[in-house]
Amino acid sequence: MTPELERIIAAKEKRRRDLATLSFPEKVAIVVQLQKMVAPILLGRGRKVYVWQMPASNDQPVLANFPR
Amino acid sequence: MEKTLAVINELEKAGLLSRYAIGGAMGATFYVEPLVTFDLDVFVVLPTGPGGLLTLTPIYETLRARGYHEEGECVLVEGIPVQFLPAYNPLLEEALAEARETMYADVPTRVLRVEHLLAIALQTGRLKDHERIQLFLKEAELDHTYLAGVIKRHGLEGRWKKVRK
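Residue numbers (my numbering), protein chains in the order written: chain A, 1 to 68; chain B, 69 to 233.
Misleading hints may appear alongside valid ones.
[As the list claims (entries may be wrong)] Which stretches of chain B does chain A cover? Using the computed rule of at least three CB atoms under 8 Å from a CB of chain A, they are:
#1 85-98
#2 140-151
#3 169-177
Since the hints were derived computationally from the structure, they do not count as laboratory data. Bear in mind the structure is a predicted one, so any value in this text is a computation, not a measurement. Positions of the beta carbon are idealized from the N, C-alpha and C atoms, including for glycine.
Start from the sequences, fold in the hints, and give me the full structure.
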């Protein structure tokens, strides 16, 4: 493995460890963002999924449901 | 999610479930990096009904009466699909009894201990469970003495040895 590749892998692992230390609400917010990214792909494959409706800190809905 | 958890807390207070804790991918996310999931898995201990019957029906009926509707295996509670899973074996019963009390923002809730999540993944044994076990080993703070006890009590030593190879 080249030093550059080692550096990249180490950085990725550090990022994962950092993500693991976030608070539960912060992680849930990320999960919802991931749902938004993944849902169109799954819907395209015919799988029914529902993106969570989570209010933002100012109580405004930040996510809409994907059509089902 | 606060509102969803508040509704589940109300179900517990009303005696429709004896105890609950978050498990599955969201339970895992409590301990490791965020994992994509579309359901909130909630493990429950159900009160024994007439004739010793354990059923989720009273929970579903109550939620329906409050205007929440079912979506496949889940009930959509305050914008989140919740899957209620009764504790169906001694490992899950122990996991629920020893679940960790925590707060989600200002709402109290419970999450299964990471050692139990790992043992449940070992017991279930699907490909995604094996991937999750690797994540727990890499990213979570495990109490290895406690984990060894769980694995031994529930006869998972053989599976654990294979994973650790």
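Checklist entry - Counting residues of the stretch 85-98 of chain B whose CB is closer than 8 Å to a CB in chain A, do you get three or more? => result holds (count 3)
Checklist entry - Given as covered by chain A, does the stretch 169-177 of chain B meet the bar of three residues or more with CB within less than 8 Å? => result Since 3 is at least three, the answer is holds.
Next on the checklist: At least three residues with a C-beta closer than 8 Å to a C-beta of chain A: is that true for the stretch 140-151 of chain B?
Outcome noted: Coverage by chain A holds for the stretch 140-151 of chain B (6 residues, Cβ < 8 Å).
The structure fails none of the hints (numbered hints given earlier).
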